[in-house]
Amino acid sequence: MSNDTPMISRRGFGQLSLAAAAAAAAVTPALAAEKGEPIKIGILHSLSGTMAISETTLKDVMLMLIAEQNKKGGVLGRPLEAVVVDPASNWPLFAEKARELLSVDKVAAVFGCWTSVSRKSVLPVFEELNGILFYPVQYEGQECSRNVFYTGAAPNQQAIPAVDYLLSADGGSATRFVLAGTDYVYPRTTNQILQAYLGTKGIKPADIMVNYTPFGQSDWQGIVSQIKAFGSAGKKTAVVSTVNGDANVPFYKELGNQGIKSTDIPVMAFSVGEEELAGIDTKPLVGQLAAWNYFESIKTPANKAFIKQWHAFTKKPKRTTNDPMEAHYIGFNMWVQAVQKAGTIDHDTVIDTLIGIKQPNLTGGVATMLPNHHITKPVYIGEIQDNGQFNVVWKTPDLVPGKAWSPYVAETRNLIGDWRKPIDCGNYDTVAKRCVGTKHG
Amino acid sequence: MTAPIGTPATPSSLLYLDAVSVTFDGFRALNKLSLVLAHGEMRAIIGPNGAGKTTMMDVITGKTRPDTGEVAFRGVDLTRMDEPAIARLGIGRKFQKPTVFEHLTVRTNLLLSLKGGRQAFAALFARLTSDEAGRIEAILARTRLAPHANRMAGALSHGQKQWLEIGMLLGQDPELLLVDEPVAGMTDAETMQTADLLRDINRTHSVVVVEHDMAFVRALGVRVTVLHEGSVLAEGSVEQVSANPRVVEVYLGR
Amino acid sequence: MGKEGRCSFLKKRTKKLLFLRSRAVARVSDRRRGALLFFKKEVLALLFLLFISPCHAEDPALAGLRAPDYDSVAATVTDLAAHRHPRARAIITALRDGTLYAPDEGPGLYILGPAGTTDAATGAPVSGLDPDSLSKVQQNNRVRIAVAGALALLDLSAPDAATRREAAEAMVAHPDSGLLPALTTALAQETDPPAHAAMVLARAAALLSSGASGQSQQAQLDAVAALRGEGNQQARAILLGIPNPPPAVRDAARSAIAAIDLQLRLWSVGQGVFYGASLGSVLLIAALGLAITFGVMGVINMAHGELMMIGAYVTWLVQGATTAAWPGQAGLGLALSVPAAFLACGALGIAIERGLIRFLYGRPLETLLATWGLSLVLQQAVRSLFGPTNVSVITPAFMSGAVKLGGIEITLNRLVIIVFAAVVMLALTALLRLTPLGLQMRAVTQNRRMAALMGIRTPRVDALTFGLGSGVAGLAGVAISQIDNVSPNLGQGYIIDSFMVVVFGGVGNLWGTLAGALSLGIANKILEPLAGAVLAKIIVLVLIILFIQRRPRGLFPLRGRAVES
Amino acid sequence: MRLPWRPLSGADWAAVCVLSGGSALALLSLLPEGSPLHVPQFAVGLAGKYLAYAILAVAVDLVWGFAGILTLGHAAFFALGGYAMGMYLMREIGTRGVYGNPNLPDFMVFLSWDHLPWYWYGFSHLPFALLMALLAPGALAGCFGWLAFRSRVSGVYLSIITQALTYALMLAFFRNDMGFGGNNGLTDFKDVAGANLHQPGTRAALLALTALALAFCLLASRAILGSRFGALLVAVRDAESRTRFIGYRPEHIKLLVWVYSALIAGVGGAFYVIQVGIINPGEFAPGNSIEAVIWVAVGGRGTLWGPVLGALLVNLGKTLFTGLLPELWLYALGLLFILTTLFLPRGVAGLWRAAKPAGAAEVTPEMTSADHEAVP
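Chains as they are written, first to last, in this note's numbering: chain A, 1 to 441; chain B, 1 to 254; chain C, 1 to 565; chain D, 1 to 376.
Don't read these hints as lab results, they were simulated from the structure.
As the structure is a computational prediction, the values presented were derived from the model and not from experiment.
C-beta atoms are modelled at their ideal positions from N, C-alpha and C, and glycine is treated no differently.
One thing to keep in mind: the hints can contain errors.
Simulated restraints on C-beta separations [unchecked claim]:
#, chain 1, residue 1, chain 2, residue 2, range
1, C, A258, A, G259, 18 to 28 angstroms
2, B, A155, C, P436, 38 to 48 angstroms
3, C, R460, D, L325, 37 to 47 angstroms
4, D, D12, B, Q119, 27 to 37 angstroms
5, D, L351, A, T344, 50 to 60 angstroms
Produce the entire structure from the sequences given, and follow the hints as far as they go.
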């Protein structure tokens, strides 16, 4: 793939290794001399280890976007140069690599991370060194850092609309819910928010079953049969699945084999996208649901062009696109716009300029960077089709602005994030009228 | 403690085995074996391969638990004790294949064997006492290993390793020594020196020797027990057992 | 009468006729369908009228299918079936199969079959349509429910008894009081006992569903009794959901639910054993290869999981090749991948033994490190070759779904894996016991030097033994491709469990591996509902650690002096 | 008595090198940015991390290289030490967390816990946390070792159950209900003993302290190995049953070194977490333990300086290659392990020895039993 992108440097960190620096210099393209020093963009996605399965695609899409931008002449008349590192699904290594990107390579922005823990691991580094991180994955919220731009969905941009759909007549008017998730922070928080939310919708605690499984759970027989039993209480039952990407394949295979059809017990997933479905025969799963802000199957000119470009770039005509890829597309273009508007890559200026930047998304709407560093997104509910794609069966009428803090958690009920002056705080208590905690202020 | 060579078994026996049986996966290694050893006695045990010699040693030293039967040392039941406990009770053992601590010097090998503290924690703070140093020098001299004292044990020749192991037994100073094929791989001269050494040791210790080498057994000149298929076939002086037709049939005759 | 008016008149007329006809259909049997010709003729005439009339709206009964909202689509589907629209089956089946298309602009509905495009309303072939101007009529779950219900209703009078039974069973899943008349009619005519039983159940379900008002108490009690006899989760769900039952019915339902619960609990024990056996079989097949390489040869092969992963990728490749040559033959691909994976992994295993492991005999712990390095290389190699994402191995039809054995649901893919693991286990045992190679393997394991002296070429036996173990790992990969992700990380998830099984069962003993796998599988599944999946796994691990303290050499240790020293 | 035992001779030098090198780096990092000798903060953090890894490597070497127990679970002790330190650092955040809750760490607020679990008591005090960083791994090692060695579990069996141990702990710590932050672990630390963790001065001091701790571990280990106990350790490794027939209890000897090694690993983990800034259950992953063994193998087991060198080399390589060859570095790492075991069975330390003709003829190792490890 690197053949397509002349601007990828072989990585080096000069001060520690002269040899490495020499190797890096050897590949520095001639373009730099013509148009000035390249602007470095850090790509911090795992290329090995357990998360490589999801993150490698994001590295590729970033390389594509950067190559594309360079064809347009780069930014500020300078070419962009991708600095790719492999944090190897190892969380401390994420922090180390983030520090390396910021302090050794002095990158203008970093696009990276997938898991919450990787983001949590690099967060102090970005705050200490005042870097810019674009984080493209749907997450649990409850965070609002000045140095991070959250281009994935906050809970109110995915979980809440998805449950609304299940409660609606179209979604089957479910009155009994199974909240199944992998045991980590994102499902825990999301389920906590959902439990509170379902309570406000009149669903009794007895009608909610919460189940957590370990990472990489591969034997789902017992749990699926528990779900089945829970669903046989005479009430329309739905499953909300925050099961982590990799464990979904065996989960869905078991659902299919135990004959749970979408018409009996629909399963609404938050972590199952086109990429995950590529690993399964989807015929038994037709009709199962997923909530995202983007689906490959959405037919807009922008999306068609993006998919075409992606296939051409990867030379794989069947490679799927997915939601976090769109998030990077939006984030990257917002960053380009902000840099062009500000006329500099200075971090503070760019951070301030980014707020209010509007970037058309791939599905026909316009994403706006909000003061809380989240963006506006449409929410789509898609049904799995037999070709591994999703058919959009419902969408929010308007774009939904991302909320960093959940109104369903007592401590954060009154919190908002607003990085504009005069508030200039990620966790501002609107009742007490003060910034809570110190660092995020 | 000192007893003349060849003293017959007395009721106040040192070691007492009665009807000991051991089975491995259906194979009877020991079959109702009984043996009595008197204080200060030296006994040679002979027998063809698979007769149960080594298994008998294993049973005495606690490595193998007998299925049935009694094993007692100075009246103490050994079947419920493990190897270190039995060793501390006063039974030392020399293996068929010399096992020394190859990556330690000869001197350190001997130091570790010296009678005395056996607590792991205490070893952290143990200092070499002059008494210990003296005993080590004495053993080095007695086993003719003084020139090699600072060599790694792994670098010794086979015979030297045998002697080192015997030296370690001396350091341990047990009441009873079990010696398994001490002269395997030795030259004739070394064999005779070893016999002398064992007789010398027997002045102060009781000894059980397992050996194939009849010349060596003859040189020891002690009472002989012949094992066959896990039980005692014959017992007596070398001449007596050599004359026993059954012994000749199963062992010597082949 | 304006255009609108005429259209609406025609529509109303058609609708009424359709309704009348459906009533008639409901009353008469198949054989007397001919008498309905009149209706058919009139409908056709009307359709013709509609066709030539300026409104050119198609059959009004079908217009709803093109509506943008799924409600209308679902309602139309239900209507079509309820009113026995002549094209109902064709259209609804097309909708279900995703071959029903509507033009982006203007009226009309078309079925894009393999034989060509037909007009959905008439069944007449159509030509000259631009496929790009058509879009598929989309479904959501509501539409799917309506489709299933509609087809079931149509099938209720199918000539084939099995189809009728399936139709009735489908109605139990989504009881609808609107189906009561149709069910009552069908029931009266049903002669096939299984179909009859299913219809009784479907009728009971419909009778107790919401919306079925004004039913006599006796009818309700009969329905409860019927469902109680069925005694499964579906019946339980229906009984729990009876709307506003009279006291007698409520009590009957309660006692029925209690009876069903007891029954379900008893069955769940059996179900748990099946789950445990199934997990055990996966553990067994994953550990068998290791039982050879580790157990028999004493080689700690940390790349064992990667060999399994490669076996799974071989399955994917073979399946891809066969389905390209013979589309739809996923089962053939899977069958072929069994020998292919065995040979590929076996060959790789021999290469590993010759190239790496033979230099490390007698140093088991260093073998561990080297093979760990090898596992990293293999993982990354597969990642470079095939990409880091999952690849899709298709589950053939005969391995999809489940069969019921009383109250136990036996999922077919798991059943096949259990049988497969058992066959591999038996084959391995036979190979070790009965063949000269097996004899040589055992000889070399027990006394290498002696075996060499007796003329056995020990290096060859070593390579073959390791190859055998690796080949079995490949077989495990084939099995696991049917239940888990096929990705470069596949092996990582199984390696620790496999080692646990072998160590727990006792090294060097295939039957120990079997016992170990089964007991760990069942223990896990017994603990899972009590403690949750994570804690269950932790508890099992701790139990293994404690067990190894009690029996340092596993369940079935090898005995003897040689082993101890 | 000092035993004339060569493998220890490098330990003093290694301690001196580590201490002087670490302090030098720390001091140079405090020079102004423009200075030609200035060491970037990034390098200070890395060096601190490597040294913490080196402490773990020494711990692994003590049991593997000197006592012949191949552990595949030492990361468990390392991580436990790390968690103890992480809990202290969490409590140090106080009201400066995202929610400003003075009583609960952020992740507990996040999960709507209303009170601090009892096992978090005391962790607001650094001495207590340091004590726990030793006690927790020590106690675990004590229980596990007592059970395992008493029943004479050895060789690969022991290796595999150590792996089971760390795997079980990993699964347990992943559980959010455990109260250790689940998958996200403990992070976002602010300061230690009042000193801001993001200040260059604190970083430099921590690096120097880590170097000091490593040097201390080296010297203490050297003293232990040089004592009669050290000789016993080698005796147990070479011929365990022989020690038993002399009257020693090998299980006690092994247990003692095992617990000591776990304590050292805990210290390493504590220093690791302060400098890396995060501890998560991933640290318990069996792969981490195996990697630690590989540092030792690369450096040369059975010497004290070998593992230090191995940890530094492998991790430096990892840092370089994950940046230089992000798509290929796993090949490099994998091949390194294979080639080391094939061609450098005694690691880099073995190369060194081979280069010195005097030392080469010292011992002729002989393969005796299955568990026997060839060590110079």
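Quick rundown of the hints versus the structure:
1. C:A258 with A:G259: 18 to 28 angstroms: holds (26 angstroms)
2. B:A155 with C:P436: 38 to 48 angstroms: Since B:A155 and C:P436 have Cβ atoms about 44 angstroms apart, the given range 38 to 48 angstroms holds.
3. C:R460 with D:L325: 37 to 47 angstroms: holds (39 angstroms)
4. D:D12 with B:Q119: 27 to 37 angstroms: holds (28 angstroms)
5. D:L351 with A:T344: 50 to 60 angstroms: For A:T344 against D:L351, whose Cβ atoms are near 52 angstroms apart, the range 50 to 60 angstroms holds.
No hint from the list above goes unmet by this structure.
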